[in-house]
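Here is how the chains run, residue by residue.
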Amino acid sequence: MAALARSWATKPGIGRVALLFWFGLAILPLVGSVWDSPSFDYYLFMGQSMLIYAISVLGLNLLIGFNGQISLGHSAFFAVGAYTAAILMNFGGIPYWATLPVAAVVCFGAGFMFGFPALKLEGHYLALATFTLAIAVPQLLKHKSIAGWTGGVGGLLLDKPDPPFGLPLSADQWLYYLCLAVAMLLFWIVFNMLRGRSGRALMAIRDHAMAAGTMGIDTALYKTVAFGISAGITGVAGALSAITIAYVAPDSFTLQLSISFLVGLVVGGIASLPGCMIGGAFIVVVQNSSQSISDWMKETFSLRYDVPAWAIYGTLLLLLMFFLPNGIAGGVVAVRGWLARKFR
Amino acid sequence: MNKEATPLLSVRGVSVRFGGVVALDDVGFDVEQGQIAGLIGPNGAGKTTLFNCLSRLYQPSEGEILFEGTSVLATPRHRIPDIGIGRTFQNVALFDKLTVLENVMVGRHSRTRSGFIANALRLPSVVAEQNAARDRAMELIEFMDLGAVVHWPAGGLPFPIRKRVELARALAAQPKLLLLDEPAAGLNHDEVEILETQIRRVRDVQGVTVLLVEHHMSLVMSVSDKVVTINFGRKIAEGTPDEVKRHPEVIRAYLGTAN
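If you read the protein sequences in the order shown, they are chains A and B. Numbered according to the working numbering, the first sequence spans residues 1 to 344. Numbered according to the working numbering, the second sequence spans residues 345 to 603.
The shape of chain B in the complex, shown without the other chains:
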C-alpha cells in the first residue's frame, strides 16, 4: 500500500457517552503523515475526550480509530507509545519528585527493554541501554532548551518550563504522532511565539506529525495545515485554516447567532 494514500491517523465515527451525556457524537477525520493538525472548539466541545480515546484513557461506545491501519482501540494503554502515539496533558502531568532528566528518561520507557532482574544485577546491557537513553534524553533537553534545569526536580519548576519538560518527555518515545493538549494555555505572548517555533521544529526536525487541541486561535491558525472544529461533541467543520475561519458553523459556534 502506498504510504501517502493511507492517513497516519484515521478517526471514524467515534462516539463517547458518559451516562446519558453524549460527549462525542460520530466524530471522524484523518490526519496525514507530516501534517500539523489543529482540533478546535468551544469549552466542553469534546476535544480532550477525543484525546483520551486516542491514548486509551476512555473507551468509545462506538467507532474505530486506526493508526497506520492498525486499531488503536484494540491496543492496551501501555502499548500506545509503542505503536507511535505520544501526548502531553492540559494540566501538565510530570513526575514531580524526579529530575527533568529522569522525567525525560521515563519517556524512553517504551523504547527500552531491560527488566527488573537485569536492572537489579546492573548487567552490561543495562548500562549500555541506560547510557543511550540518557544521551537521547540530553539531546531532547537541549532541543527544548532545558539545559539549565536538567538536574532539578520537575515539581518545583515554573509552569512554562514544566510544559517544555513534558514536550521533551513525549518526544523521548520517538512518536510518529504527537498529541498536544492545549500547549499554549498559561503561556504569555512571547512564550506562545517560542512554542509555535518549537511545534514547527518538532515536525520539521524530528519528523513528528502533530495533532493539537488549542484555544489560542492565532497559534492554531498560523501553525496548522488543517483544522478540525467540533462543537457539542459533533464535527462541524474541517479544512485549511482559511476555510475553517470563514465557515458559518464555526463563526456561529464561537460568536453565537445574531438572532
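The shape of chain A in the complex, shown without the other chains:
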C-alpha cells in the first residue's frame, strides 16, 4: 500500500523514465536501416497506428480518467479531425502539417460546445448522449448536401507526404516520426496540465464536484474546457490518421472506433498516462493478432471451423479484466509494489 501512496505526478525521477521511453521509441525506426525486411514498412505503419491510438486514448483519458465524464462519442471527434485535415489538404492546398493545429482548434470548439449540454448529464445519461454523436457523425458525413466536400460514401483520397528537407528517410519512417513528435508534445502538455493547478481542479471535480465548487473551482467552466481539450487531442489523432493512411471514409469512424478507444483506455489503465501508450499499442496488436491466433488455432488443433477473431478478442479482454482490473499500468504498479516489499 505504501508503494501506491505517492501519486505519480509528484514522484521524483518520473521525467527520466519517460525520456528514456520516448528515446527508445525514437530509435525504433532506425532498425529498418540495419535489418532490411520487406515487412518493415508494415511494422512502421503499425507503429504509427499505435501512436495515433495512444493520442486518442490520451484525449479520452483526460475526460474519463481525470475528469470523471464519460464519452462514447470520441470517434466523432476523431472523424471531425480526420475530415478537417483531409478537406484542408484536398481543397485548401494546405500542407499536411499545418492541418494539425486547425484540427485541434476545430475539435476543441466542437467538444467545448458539446460540453455545455453534457453539464446537465451524468454517468449513463452522458454515455447515451455521446453515443448518439458516434452514431450520427458517419451518417452526416455521407449526407448529399456536403458530399462535394467530404466525398460522400467513397471518402477522400489524399497524397502521402514525403520527408521534408531531403531527410534520408522513407515516407513511412517520416510519418512515424511525425506521429511520435505530435504524441510527445501532447503527452507533455497533458502531463503539465495534470501536475498543475488546472489538472488538480479537474481531478478534484472527478472526486467530489460539490467540494470542488466550494474550493472556488468553476466546475461548469472546467468541465466544458476538459471536454474541449479532450476532443481537441482526439481530433489531432484523427488528422494524423488521415495523413498517414492518406484516405478518409465515413465508415472508418463508427461507434466501434469509440469502443476501441474505451477498450484501450481501460486495458491500459484509467487515469494513467503510461496506460494511454499501452492502450494504444493494445488496440493495434490485438486487432491484428486476433486473426492470426484464430488461424493458428485452426491449424494446430485441426479444427473444422474458423474460430471467430472477435471471440478471441473478447476472451483476451475478459482475461485481462479478470487478472488486471486496474489495467496493465495498474498491474505494473502492483507488481512493482509487491517486488519492493519482497526485496526490501
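In case anyone wonders, no lab produced these hints; they're calculated from the structure. Worth double-checking, as some hints may not be accurate.
Stated by the list, open to error - Estimated spans, in silico, between C-beta atoms of each pair:
hint, chain 1, residue 1, chain 2, residue 2, range
1, B, Glu408, A, Leu221, 55 to 61 Å
2, A, Arg344, B, Ile538, 47 to 53 Å
3, A, Ser289, B, Leu467, 41 to 47 Å
4, B, Gly491, A, Arg341, 19 to 25 Å
5, B, Arg455, A, Arg341, 35 to 41 Å
Idealized CB from N, CA, C, for every residue including glycine.
Position chain B against the provided structure of chain A, taking the given hints into account.
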C-alpha cells in the same frame, strides 16, 4: 467605516423553504471579526441549511447575508472562497484519489491564477506559483500535524485524520471566516480535546474568525465567544455560552418541557 463597528458576517432575516417545509424562518445574527461563534440546535433545526446558504449551495427565499458589507447571495458559488469564506463538511468531502498534499493544494485554487494554457506550457510563472502553493500547503500540513501522511491518498485515511485534512484544505484558501460543520462528530474524547486546541489556534495563529455548528456541547460552550441557538428553523437564543445555557427556551428545546 470603522472595522470594529461592522460585523464580519451579518445574517439578516434568512428564510429557506423546501416545497412546503420551512427549514429556516427569519434567522438573523452577526459574527464579529476574531470571534469563535457556535451555532447549536437539535437535529433538523436548520444549522447545516444555514451553512449551505453561506456557501451558496442553497438559495434562501428571503433575507440577506452580508460579508464585510458585500452581499454573499449576489456572489456565485465558486467566488465564495475569493471573498474569504471557507468551510468543512459534516461528512467530510475530500478528493479521495488525490494525496493529502494535493487536497490541500486544491484549497489554494482560489488564491492562485494560472490557467490551462499557462499550465500546459509549464511557464516559469506557473512553476513559481506552484512552488509557493506547495510551500503554503506544507506549512498547513505541519500546522495540522499531518506530516506523516502527506503523500497518502486521502481516501484511505482514518476518519479523524480526514477531518484534519479537510481543515487544512479549508485554511489553504486563507479564509477570513471558517465554517466548521460538526467538526467533533465521530471523534473520541482525546481527539475532541485536540480539536479544541486546533480551533483556538486557527483563530489565534491564523487570525481566522470561526463559525461552528456542533452537537458536542462541552466543546461549543468552552470554545465559543458567542452561541446562537436555533430550533425548528427559528432563532431562539443568542448570547455568551453562559447566557445561552441558562436560557429557558434552550433548555426546553434540548430537554423538553415538564408538562
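So, going through the hints one by one against the coordinates:
| no. | hint | result |
| --- | --- | --- |
| 1 | B:Glu408 <-> A:Leu221: 55 to 61 Å | 27 Å, violated |
| 2 | A:Arg344 <-> B:Ile538: 47 to 53 Å | 33 Å, violated |
| 3 | A:Ser289 <-> B:Leu467: 41 to 47 Å | 43 Å, holds |
| 4 | B:Gly491 <-> A:Arg341: 19 to 25 Å | 23 Å, holds |
| 5 | B:Arg455 <-> A:Arg341: 35 to 41 Å | 39 Å, holds |
When the structure is compared with the earlier hints, violations turn up for hints 1, 2 and for no others.
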